[in-house]
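Asker: Protein sequence lines, in the order shown, are assigned to chains A and B.
Numbering-wise (the numbering used here), the first sequence opens with residue 1 and increments by one.
Numbering-wise (the numbering used here), the second sequence opens with residue 1 and increments by one.
Treat the hints as calculated values from the structure; they're not laboratory data.
Don't take every hint at face value.
Label-pair distances were calculated between CB atoms; the ranges are [what the hints assert, rightly or not]:
(1) A:Pro121 with B:Pro62: 20 to 30 Å
(2) B:Glu235 with A:Ile286: 14 to 24 Å
(3) B:Arg12 with A:Gly135: 48 to 58 Å
(4) A:Pro121 with B:Gly56: 33 to 43 Å
(5) B:Ala105 with A:Arg31: 52 to 62 Å
The C-beta atom is built at its ideal place from N, Cα and C for all residues, glycine as well.
Next come the chains, spelled out residue by residue.
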Amino acid sequence: MSPDIASGADASSAPEAWTPSEQELDRREARRQQSRRSIAVAAISSVVVIGGIVAVVLRSSGWPVVQVTFFDPAVGRKVLPLIWDGFKLDLLLVVIATFFIALLSLSIALVRTSTAPALAPFRILATAYVDVFRGTPLILVIYLIGFGIPALSLAVVSYADVAVYGTAAIVVTYSAYVAEVIRSGILSVHPSQRAAARSLGLSPSLTMRHVVLPQGLRRVVPPLLNDFVSLLKDVALVSILGVVEGVRVAQVQADKIFNYTPYVVVSILFLMVTIPLTRFTDRVLIRSIARQNAGGTA
Amino acid sequence: MRKSFGSELVLRDVDLVVPEHTVTVLIGASGSGKSTLLRCINQLELIDDGLVLFDGVDLADPRHDRDQIRQRIGIVFQAFNLFPHMTVLDNITLAMRRVHKVPRAQAEATALELLGRFSLADKAPQYPDRLSGGQQQRVAIVRALAVAPKLMLFDEVTSALDPVLVNEVLAVVRDLRQDGMTMVIATHEMGFATQVADEVCFLAGGVIVERGSPDHVIHAPRDPRTQEFLRRVHEAGRL
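Produce the complete structure using the sequences and hints provided.
Answerer: Put into structure tokens, the structure is as follows:
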């Protein structure tokens, strides 16, 4: 653990020059051969499996028709600018939704983990909220808010843009999920950390803010990124209210020209955002696991 | 003082007086209630019955502000419990800045001075996981000292350390004794107990079985339970 003690007296001296022994050189050569063999096996296996799948699809009797209706480059080029405009709205809605989800879910998680007596009614409400919205399909919440609130004919709130209702529905549903993720992070911080903070005279809220929450949030970054990827895709569901975002534009175009290429185009746009994000999430996850395995005592 | 966890009675009838500027050492087998006694003193655990008097005030009285009590009683834990997401310096200045509202510059100056005293000044910008166990524990002691407590509690602070690191931590405690710090120390290091203790208390079965000077309790125990315990410590080569 501590280099100054582990290496003792010769810690200050420079590393001595060293020629690898016969055995070591022999071992290295053997290791190189093994890795060359592994690479060859992986390459052959990939070509056989992926090539096989592609061959089956391309040789199927319906392929020529599918190629024309789904993968028509001319159609793709024509609809791309229109779909791109719609897709920009998707991205904007994601940014806005993320902001409100962060705010709402953090409040819910903090209320649910607090013990202050004054917050008792809010704890009950927060628990009920999470139970209801975690258990209701997102698409139903979008319908209920998107059609229900305008039907109430209330001042101001009933006369907003459909995109507002759609985004609100997503915020409401996702906040329930995210609040639970954050709460699990808060609960995963070892009680000894809280004891240490309280023993220094920190109040419960100072302890939460400076000691528990920073550690808890850090631990749930990977699952939160996962939820963010889901959010990126689910935001397209607001199209069912008639919001003219990427998927909706693709739908309109596809209906107009009786060709499904616009759907493929919008899918590729989504993938261009989600794939890098998923890779990034993977890396963060592996890093955080490595870190947790390294520092055990805390 | 009386304390139980569920149906398990840990402290049955413990009566302890710690005069100012003295060092009281608690010894006893694992599970004899040493740690619980310390945690009850600074109200990390609530007692079932009895009194915890500190400067004539009953700390167990819920009408007293526990956060204020704890600012005058420092505790150091067996597992260090440093905050892993903060640098050494931030660990030490946290309570000063957030609870006592000391300006950052002044808090950091105090922290660096304390760190320097225990030859840890160069560790200030590092995170706890870069430090050895002994260094981490000394930082934990500095963190507790930073708010200028009147009483320090040490809960088996060397149990997680190898023998070389044990000494560097115990040296810090000896230092504090020179300064006249009032301390209650739970430990398995009998040699250390002999050196620093004004009074040694042997706990067993939820009561203090035997108490007195180290010469008396550790080197000439009268109670058969103390004799048995020390014989086993001796066999384990820790005396």
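Asker: Check the structure against each numbered hint from earlier and tell me which ones fail, lowest number first.
Answerer: 2
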